[in-house]
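Participant: Residue strings, one per chain:
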Amino acid sequence: GESVGLHLPTLSVQEGDNSIINCAYSNSASDYFIWYKQESGKGPQFIIDIRSNMDKRQGQRVTVLLNKTVKHLSLQIAATQPGDSAVYFCAENRSGGSNYKLTFGKGTLLTVNP
Amino acid sequence: DTGVSQDPRHKITKRGQNVTFRCDPISEHNRLYWYRQTLGQGPEFLTYFQNEAQLEKSRLLSDRFSAERPKGSFSTLEIQRTEQGDSAMYLCASSDSSGSHEQYFGPGTRLTVT
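Top to bottom, those sequences are chains S and G. Numbered per the numbering used here, the first sequence spans residues 57 to 170. Numbered per the numbering used here, the second sequence spans residues 419 to 532.
No lab work stands behind these hints, which were simulated from the structure alone. For glycine and all other residues, C-beta sits at the position ideal for the given N, C-alpha and C. Take the hints with a grain of salt, since some may be wrong.
[To be verified] Beta-carbon label-pair distances, calculated as ranges:
(1) 501/G x 125/S: 22 to 32 Å
(2) 433/G x 71/S: 40 to 50 Å
(3) 96/S x 426/G: 12 to 22 Å
[Claimed, not checked] Under 7 Å between C-beta atoms, here's a sample of chain S residues computed to sit facing chain G:
(4) 85
(5) 98
(6) 102
(7) 145
(8) 149
(9) 156
(10) 157
(11) 160
(12) 162
(13) 163
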């Protein structure tokens, strides 16, 4: 079946270190892959996305890498800060037709230690 | 407009009662989505509106669930004869029709069925 999943449920890093969160997907038909951050008691917040025809995209302190050969997606956070502590979800989106619904994975809890 | 708002933020109800949640999307957004999120899981798609038209419903949305968006602005999600399994966070998201797939999420309504 179609799914978006994560390799690790938790990740603990020291403040200032780089963080890497991984995600595997199974649906080759996805057009976009998106990373969301969810803090406790809040809704998911968009971080960065990448189109399926790209390999890499950079934002502010974040980089997303897409490896279509092995259907793997990763989020790299540079110089991780305590405010980065949250659950991170990867999601896929297929923009065919009129529905842009997101399919989420289970999430990775990132804890940043001061 | 500061973002997507949802009301109430928390709802505790007894099994068998009906509940209704409201979502106010970002004002210029014509697409509106409802998701459900249980503890430790990613959000799951429930239904989608484009303007006032409900274009897709997930199989997760049983006959006890109904959603409306009568004027293409705010939306309501009603659950009739609530069951303990309905306990979850109900998230609303909206997006515009620019072709971007970025969805903006509200803070959610946490439902507890006792």
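Participant: Next step is simple, just say for each hint if it's right about the structure.
Facilitator: Structure-based check of all given hints:
1. 501/G x 125/S: 22 to 32 Å: 44 Å, violated
2. 433/G x 71/S: 40 to 50 Å: 45 Å, holds
3. 96/S x 426/G: 12 to 22 Å: 18 Å, holds
4. 85: Since the shortest Cβ distance to chain G is 14 Å, the answer is violated.
5. 98: 6 Å, holds
6. 102: Hint holds; residue 102/S Cβ to chain G Cβ min 5 Å, cut 7 Å.
7. 145: 5 Å, holds
8. 149: Cβ of residue 149/S sits 5 Å from chain G, so the hint holds.
9. 156: 5 Å, holds
10. 157: Where the cut-off is 7 Å and the nearest Cβ of chain G is about 4 Å from residue 157/S, the hint holds.
11. 160: With Cβ-Cβ at 3 Å, under 7 Å, it holds.
12. 162: It holds, given that the least Cβ distance between residue 162/S and chain G is near 6 Å, below 7 Å.
13. 163: Hint holds; residue 163/S Cβ to chain G Cβ min 6 Å, cut 7 Å.
The earlier numbered hints that this structure contradicts are 1, 4.
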